[in-house]
Amino acid sequence: MADIPKPVAELLDAALVGELTVVDGAGRPVTYPLIPLWDGERVFMTSSTLFSRKLEHINGNAKVSVSITVPVAVGGRHDRALIQGDARVIDSDPHGEWERLLPIWEVKEPSIVSFLKVRVALPLFFERALIEITPRRVLYWSDGDAATAPAETLVAAGEAA
Amino acid sequence: MRSTDGLDARTGLDKLATFPYQIATWVGDDGYPVSVAVDARISPTELVARFAGPAALAVPTDRDVSLTGSHIRPQPGYGYDERRHVTVWGRATTLDGGVALTADRAWGWDESEVPFFEYSERSVGQSRKYFDALSVERGTPVRPKLSLGFLTLRATRLPFLTATIVPVVLGILIAATHGSFDLVAALLTVIGASFVQLGLNVANDVFDTASGADDANVTPTQFSGGSRVIQYGLVSFRRMATIATVCYIAAGVIGLILLATHGSTALLVIGVLGFIISIGYTAPPLKFVYRGLGEVAVALGFGPMMLLGAYVVQTGGTLAWEPFVASIPVALLAALILYVNEIPDRRGDAIAGKRTLPVRFSRSTVVAGYDVAVTAAYVVLVLAVVAGILPVPVLLMLLTIPLALRVSRGLIPYYDNPYGLMSIMGVNVQLHLRAGLLLAAAYAIVLVVGAVAPGVSLFI
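Protein sequences, first through last, are from chains C and X. 41 is the number that the working numbering gives to position 41 of the first sequence; each next residue is one higher, with no gaps. Positions in the second sequence are counted from 1; adding 1000 to them yields the working numbering.
Calculated directly from the structure, the hints in this document are not laboratory data. For each residue, glycine too, the CB sits at the ideal point set by N, CA and C. It is possible that some hints are incorrect.
What the hints assert, rightly or not - Now the stretches of chain X that chain C is said to cover, found in silico as 3 or more residues with beta-carbon under 8 Å:
| no. | segment |
| --- | --- |
| 1 | 1043-1056 |
| 2 | 1074-1082 |
| 3 | 1085-1098 |
| 4 | 1124-1134 |
| 5 | 1206-1212 |
Model the full structure from these sequences, guided by the hints.
Structure representation (structure tokens):
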């Protein structure tokens, strides 16, 4: 079990959207809204090959962050978090490997299962890679206010490995 | 925010100002991105966004900083909708604990402006690039996949076979009411005609890819824009050309069998003309659909050719006015499927030089054209009954008028909205199918009445 604060784990469990930030080839941050999927150990996200530029960036630079900031996407909670970590792209089988995350994806987006049944309608959307993020550092704003210094938690490399 | 790629900084800031807060992001000294929610005051005219510096986190001034707005609307039991996000980048300056970011570029997506399907279609090149890179990395081709069943369904556009089955079955039924019926020949006719249409569907993709029409179309729907299997990398161009050839060869072989067993001059002429129309639909040098003759080709091919062809196979070459007249409403409704499906394709078609009717004419003319043609289908039917050419039960087809009205009324509001038009295109396909089924039912009634009460005429 990765040693991240319990409220942050709850935010990850609840969040319908989080902001994945990757670093492009020029060293600039690029932010993508994606569904964060937390398995108690790592943060997972998935990306269609249609929108795979982020995967190219991760392959070039594994350092990423995931922020949870949208109150409406976490059931009205106002606390916020930032998880920095090392990302790995898993794409040995873009056609079906990502489907192992369907059980936790379906909890947040029930319609995904019915969409998958008619993947013939949008085949490339369902050619996907997994983004596996191992947390290294967590910042947590209990009141969601940037004027307050966040609580910081360092996650040792071995703990989340 | 039509573009999904670069936005100008001013537009990006205009968009960013509509979000209740923004996420400031930069790359920290340790190389990890840092994000924090801030409440920015945005001045698009100055190209500046100002916000209070976050506590305990120093916003750098020597590298790019971004501000992102992100929005969804949760939909319990479904997921979410109303997706939109925008990011602006620029350099920050700090003064008295405040931060001012001067924007120089932006990027974003708003699904209310660029529908998800269009956004996906515009991103197909990125997917291909990704698979190409994977292939190079692994030293073996890596391609997107679909199950064989789904792939066959998609590549051949199998569900559209109703356009063939309706006229062929009708021709067979009319021949049966005239006392001619051969089950084996009927089955061969259905199969052979189906291969012609499958060949046409696949060849259409091949030639539209070669001409660039399908690549230029970023708003395909399930009814228009081709199967996309070549564009998506699911099937190679060469394999699609092979499939089309195999379909035509299969159709040709069945045609030769029918000629050998039920041959007639009429069948030979209809077969040759049908073949020319099918191949010439998109293939050079005829390219009917590129010349604004696609609707005429479809009307002839999926009307008189199919219906009379099936009829003469059964009758051994005898022609009659009844099957020809019965084919007219079917032909018009089949042509109208193409006609309506060309509406969302018209921009891509125009770029590729396909001078279809919706490319050539204005919206009001195209809609009026639909109304005239669909009205003609019903008028011909009624006049043919009154003239005693068609039996009274075919008036059952009038039950489909509400569907025709739905299509007609839906064309104007959704003319520029391909995804809104999808439901209308679906109704239009149903109109053809149900009209055909009702005509077939009418001839089934004629057959039954003929068997039960031979002396009763169902003609006026």
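**OP:** Report holds or violated for chain C covering the segment 1043-1056 of chain X, Cβ cut-off 8 Å, minimum 3 residues.
**Re:** holds (count 4)
Original post:
Checking C-beta pairs, does the segment 1206-1212 of chain X have three or more residues closer than 8 Å to chain C?
Top reply: violated (count 0)
Original post:
At a Cβ distance under 8 Å, does chain C reach at least three residues of the segment 1074-1082 of chain X?
Top reply: holds (count 5)
Subject >> Given coverage of the segment 1124-1134 of chain X by chain C, checked by CB-CB distance under 8 Å (3 or more) >> reply: holds (count 8)
**OP:** Go check the segment 1085-1098 of chain X versus chain C for me, would you? Three or more residues, Cβ under 8 Å, otherwise it fails.
**Re:** holds (count 3)
Comparing the model with each earlier hint shows a violation of hint 5 alone; every other hint is respected.
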